[in-house]
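**Q** Put together the whole structure using the sequences plus the hints.
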Amino acid sequence: MTWVSDNLDLLRELFLRHAWISALSTLIGFAVAVPIGWYAHRHPRLRGISVALVGVLYTIPSLALFVLLPGILGTGILSTVNVIVALSTYAAAVMVRTAVDAFDSVSPPVLDAATASGFSSSQRTLRVELPLAGPVLLAGVRVVSVSTVSMLSVASLIGVANLGSLFTDGFRRDIVDEIVAGIAAIVLLAIVLDVLIVLAGRLLMPWSRVVVGANR
Amino acid sequence: MSVLNDTIDWLADAASLSGDDSISNRVLEHLGYTVETVAIASVIAIPLGLWIGHTGRFKLIAVGATGAMRALPTLGLLTLIGLYLGIGLTAPLVALVVLAIPPLLAGAYAGIEAVDPQTVDAARSMGFTEWQILTRVEVPLGLAIIVGGIRSAVLQVVATATVAAYVGLGGLGRYLIDGQAVSDYPQMAGGSFLVVVLALILDAVFAGLQALATRNHRPSRHPLTV
Chain A
0 MTWVSDNLDL
10 LRELFLRHAW
20 ISALSTLIGF
30 AVAVPIGWYA
40 HRHPRLRGIS
50 VALVGVLYTI
60 PSLALFVLLP
70 GILGTGILST
80 VNVIVALSTY
90 AAAVMVRTAV
100 DAFDSVSPPV
110 LDAATASGFS
120 SSQRTLRVEL
130 PLAGPVLLAG
140 VRVVSVSTVS
150 MLSVASLIGV
160 ANLGSLFTDG
170 FRRDIVDEIV
180 AGIAAIVLLA
190 IVLDVLIVLA
200 GRLLMPWSRV
210 VVGANR
Chain B
0 MSVLNDTIDW
10 LADAASLSGD
20 DSISNRVLEH
30 LGYTVETVAI
40 ASVIAIPLGL
50 WIGHTGRFKL
60 IAVGATGAMR
70 ALPTLGLLTL
80 IGLYLGIGLT
90 APLVALVVLA
100 IPPLLAGAYA
110 GIEAVDPQTV
120 DAARSMGFTE
130 WQILTRVEVP
140 LGLAIIVGGI
150 RSAVLQVVAT
160 ATVAAYVGLG
170 GLGRYLIDGQ
180 AVSDYPQMAG
190 GSFLVVVLAL
200 ILDAVFAGLQ
210 ALATRNHRPS
220 RHPLTV
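Those protein sequence lines, which keep their order, are chains A and B. Going by numbering that gives the first Met the number 0, 177 is the number at position 178 of the first sequence; the sequence numbering is gapless. Going by numbering that gives the first Met the number 0, 83 is the number at position 84 of the second sequence; the sequence numbering is gapless.
It should be emphasised that the hints constitute simulated quantities derived from the structure, not laboratory data. Quantities reported herein were computed from a predicted structural model and do not represent experimental measurements. Heads up, some of the hints might be wrong.
Simulated coverage check for chain B against chain A, where a stretch passes if three residues somewhere in it have a Cβ under 8 Å from a Cβ of chain A [said to hold, decoys possible]:
(1) 2-9
(2) 21-29
(3) 125-131
(4) 147-154
(5) 165-173
(6) 176-189
To give a feel for the contact side, a few chain B residues facing chain A, derived at Cβ under 7 Å [stated by the list, open to error]:
(7) THR78
(8) THR161
(9) ASP202
(10) ALA203
(11) VAL204
Idealized CB from N, CA, C, for every residue including glycine.
**A** Below, the structure is given as structure tokens:
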């Protein structure tokens with residue numbers, strides 16, 4: 000493992016880069032998916048369409064999307080923006096489905112009770128419906144953050160630097176240690192982000208011990 | 000939109016090519032790898048998943064392994080196996096088989112798991128052997144979910160086979176990787192477009208098969224009330 004000790008700076012730099020790109024993409028995906036999921040939950044007709052549409056999005060292979068987006072957005076192929084847009088799209092695609100399930104899981108009598116106690120409809124959505132949908136939403140974010148971390152590494156093939164660059168570099172220069180270090184760093188990052196998400200869930204939703212199916 | 004025009008031009012040119020780099024050859028290669036690796040992975044994973052679902056043993060291992068595989072970066076696995084097995088088709092194909100196993104295993108296991116235990120008990124009390132329960136009750140009822148697992152595996156392999164062009168595999172990924180090497184964006188975009196179309200078609204085919212499996216064996220269709 001001399002490769003690791005000789006390249007700690009590179010590892011640290013790529014780890015941080017990988018961390019912020021995947022965290023930001025997961026956050027954007029979440030921010031986009033929750034309102035769509037909420038809307039689809041309330042409008043059964045749109046529900047089928049939106050779930051089918053996000054299903055189609057998720058079918059698109061990641062490398063193909065990484066390549067096609069610069070042409071569509073007009074950004075340079077080496078731009079990090081493409082990768083963030085692509086990863087946020089996948090994250091949103093997965094989370095719309097979870098968000099619909101999350102809002103479905105809120106019991107209607109509770110919402111009626113909120114209305115009866117004088118909540119306005121926006122108060123009811125933000126202060127009753129959203130927190131109660133929280134545990135299922137959180138489970139969705141956990142799944143998405145793990146797959147985003149792993150998917151980002153593919154972007155190194157089109158020249159956008161991240162921990163995946165260790166795979167391409169290690170393959171070209173025949174350094175097994177570099178590839179193994181890259182895999183370990185990615186798995187470690189996935190675990191770190193997962194722990195942070197669970198902690199954030201405990202802070203935001205102290206009433207629920209967050210153990211809702213991580214395998215949803 | 001000169002990028003779009005260039006890409007369309009490239010597609011038109013490539014369509015008229017013949018030989019290794021022709022679109023028809025690359026599509027057939029890509030489909031060939033997909034069928035081959037999903038078939039090998041199915042032989043390993045589906046019986047194992049059915050067994051886990053039927054006996055309920057090693058459930059946690061099956062669930063945990065599928066979750067852990069999600070964190071494993073495909074490119075890392077491809078390059079690592081590539082370095083160990085050397086240049087050639089073997090390394091990427093082995094990696095594709097490995098990556099196809101978790102969704103197949105999860106689908107087979109979840110399909111059996113989803114069958115109502117009362118139905119299984121009813122079959123058992125009527126004297127079905129365990130093998131008959133599995134093949135005549137559990138598999139038909141869980142078929143839609145099992146096919147769903149195959150669908151996920153196929154899409155996973157189509158996407159990963161594209162990436163695997165980096166470690167020497169043929170197929171549509173060649174356009175992306177070879178185009179990248181010479182900064183030929185229209186070739187990369189054209190190749191990506193073809194991969195997307197292939198993935199969407201395969202997804203639609205499997206969606207149809209899943210619907211068929213559901214229609215033939217919907218358990219709630221003739222509810223028996225006692």
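**Q** If a hint holds in the structure, say so; if it does not, say that too.
**A** Going through the hints against the structure:
With 3 residues carrying a beta carbon less than 8 Å from a beta carbon of chain A, the segment 2-9 of chain B meets the three-residue requirement, and the given coverage holds. Residue count for the segment 21-29 of chain B with a Cβ under 8 Å from a Cβ of chain A: 0. That is fewer than the three needed, and the coverage hint is violated. Remark: the segment 125-131 of chain B is not confirmed as covered by chain A, as 0 of its residues place a Cβ nearer than 8 Å to a Cβ of that chain, below the required three. Counting residues of the segment 147-154 of chain B whose CB lies closer than 8 Å to any CB of chain A gives 1, which falls below the minimum of 3, so the coverage claim is violated.
Note: the segment 165-173 of chain B has 3 residues with beta-carbon separation from chain A under 8 Å; the three-residue rule is met and the coverage holds. Using a Cβ-Cβ cut-off of 8 Å, 5 residues of the segment 176-189 of chain B lie near chain A, which meets the minimum of three, so the contact claim holds. Restraint check, THR78 (chain B) versus chain A: the minimum CB separation of about 4 Å is within 7 Å; hint holds. Contact between THR161 (chain B) and chain A, as hinted, is supported at the beta carbon level, the nearest pair being about 5 Å apart and thus within 7 Å.
For ASP202 (chain B), the suggested interface contact is upheld, since its CB lies about 5 Å from the closest CB of chain A, less than 7 Å. Checking ALA203 (chain B) against chain A: minimum C-beta separation of about 9 Å lies over 7 Å; hint violated. The beta carbon of VAL204 (chain B) comes no nearer than 12 Å to any beta carbon in chain A, farther than 7 Å, and the hint placing it at the interface is violated.
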